[in-house]
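Asker: Position chain H against the provided structure of chain P, taking the given hints into account.
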Amino acid sequence: MTDLTEQLPEGEAPNLRARALGFWRLFARNRPAVLGLAILIGVIVLAAIAPIIYPDNPFSLAGRPMSPPFGEWIFGTDTLGRDVMAGIAHGARTSLMIGLVATVVAVVFGTLMGALAGYYGGWIDDLLMRITEVFQTIPSFVFAILLVAIMSPSIQSIIIAIAVVSWPALARLVRGEFLSMKNREFVQASVVMGVPDWKIILIQILPNCLSPVIVAGSLLVATAILIESGLSFLGLGDPNVMSWGFQVGAGRTVLRRAWWICTFPGVAILLTVLAINLVGEGLNDALNPRLRERKG
Amino acid sequence: MSGRIAFILRRFLQAIPILLAIIIINFLLLKLAPGDAADVLAGEAGSATPEYMAELRAKFGLDKPVPVQLAQYVGRVLMLDFGYSFRHDMPVAQLVIDRLGPTLILMVTTILLAVGFGILLGLLAATGLNTWRDNVISILALVSYATPLFWVGLMLIVVFSINLGWFPTSGMETIAAFHTGWARVLDIAHHLVLPAITLSLFYLALYTRLMRASMLEQAGMDYVITARAKGLSERRITFRHVLRNALLPVVTMAGVQVSSLIGGSVIVETVFGWPGLGQLAFESLFARDLNLLMGIFFLSAVLVLIVNLIVDILYTLLDPRIELK
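In order, the protein sequences belong to chains P and H.
UniProt numbering applies: residue 1 is where the first sequence begins, and numbers increase by one.
UniProt numbering applies: residue 1 is where the second sequence begins, and numbers increase by one.
If you are wondering where the hints come from, they were derived from the structure by calculation, not from laboratory data.
Among the clues, some could well be false.
[Claimed, not checked] Estimated spans, in silico, between C-beta atoms of each pair: (1) Q156(P) x L28(H): 53 to 63 Å; (2) I5(H) x E133(P): 15 to 25 Å; (3) L129(H) x R64(P): 45 to 55 Å.
[Stated by the list, open to error] Rough simulated footprint, nothing fancy, chain H against chain P, three-plus residues with beta-carbon under 8 Å: (4) 46 to 57; (5) 174 to 185; (6) 222 to 235; (7) 246 to 258; (8) 261 to 267.
Note that CB positions come from ideal geometry on N, CA and C, so glycine has one too.
Isolated chain P, as found in the complex (with noise of 0.2 Å):
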């Protein structure tokens, strides 16, 4: 973050409003990123108005089944009738919403771990980093599909089984930031005056390897949403949530005569995936501006 504060004017505190505005305007040199960004407001917003602007229950009748897109249903009806428009927009809150709350609880637990390993090294790295060397060899999608079909499909369990699968790289990384600033200046003072260790990790340190975390953060969303749609695409999705996933899995079979079934969930996958990896990557830019040389 030093890098924002050395960009103003000498002398002149750092406000919040001229760090926002010169962290805008690092990460909008980044063209695609802010395509990225414009595209996952888009589906935010649909996200949001999804209950207004379709407010039946998506998994009910609209229509004749089966009606091809571009009629009356902008991107037609699936076998049972449903209205696929519809079904992306109420998809849409499911797939942010696990994206986003998988991530929280992978970066939270893998930032514990990999900071226990890094701050306090020894037996308890070894045991911790062990333990991350298992679930990193274990194949992530296949143990994701077991957790679920084990505690059985719900929201609950997918988040629960994408946040078990990803917390390990983040352990990692955190892991590595912690052992180069262990023993920087600022950190053995804090050791000396005494100040307790949950402290130093949380108030010292932390901070300083905030923008790798945002960075992997934002990349494991767009990994969280691939995972969902693929489980839920095997049919072990929330059966009372519609999902992306779910619609492509429901069109599958009829694949020869309604292709737009499939199609059009799977278009707002990958949209907003993709967007999600160009944010992540103008954020990695705006971050770490020195970094970008070395990427090319």
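Answerer: Frame of chain P, contents of chain H only:
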């Protein structure tokens, strides 16, 4: 050379605790699941008296304390005994081994496609940095990276199977044709095209980006400046010097990605009806055949361990600078 053998041995020993941990996770999941083996058996039989249930539990050792059960479970798994699949009326181990072949065909083809074309495209993008060629390749990689596998598969079926009729929509071979020899190989290859392309697309994007970044990183190294100062042509620098060094991280990634490749093959095999482990996993989900799902899960974890081991060994052969420790 003895250093290398010691290294391989040490890596092998390091894999054992991970294997044990995976078995323990498997056991804990089994405990977490609603109902035990006796419930499943009784359910299959239709009905059972409480006495019969108790007898069954005693037979499976389910009445013993949990640590004893764990020890017995580890023992059984090490003997490759994963229990019995009542849906398929076969031991799980037998079923899983039978389905391993098609999955390996799909995975090996995918890795070859993805790594091969990924290296080529990454090279093309890096040598034409910031030209239209680089931009097109980078945009395509970005889009493939964000596309759900099952959707790509379905769209390929719509275009190439339903509309153009070039490739079959599902299966691994034409059963009714009874092809033998080369005719059978060709038939399987024909069925393999769409699933392999679908599964490789994501990894192709990954390797392309990795190769591009790796080439650019190597291009800034001192040895490149030395080569240029010696008066070597740019072509020679790129192919003889930069390319070789840039390949290393790609090889490592190929190993790391096997884990997610297995997850991807569940989806792709389900979409294309490819009769491998992934489809078996999907079937076992629907049949609520937990024993079978556990067996597949365990085998795929072991597969990842083995591949990681092989990659580690390959890596020491490719890069003599790696310290053997």
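Asker: Hint by hint, note whether the structure agrees.
Answerer: Now for the hints, and whether the structure bears them out:
no.: 1; hint: Q156(P) x L28(H): 53 to 63 Å; in the structure: 19 Å, violated
no.: 2; hint: I5(H) x E133(P): 15 to 25 Å; in the structure: 24 Å, holds
no.: 3; hint: L129(H) x R64(P): 45 to 55 Å; in the structure: 54 Å, holds
no.: 4; hint: 46 to 57; in the structure: violated (count 0)
no.: 5; hint: 174 to 185; in the structure: violated (count 0)
no.: 6; hint: 222 to 235; in the structure: holds (count 7)
no.: 7; hint: 246 to 258; in the structure: holds (count 5)
no.: 8; hint: 261 to 267; in the structure: holds (count 3)
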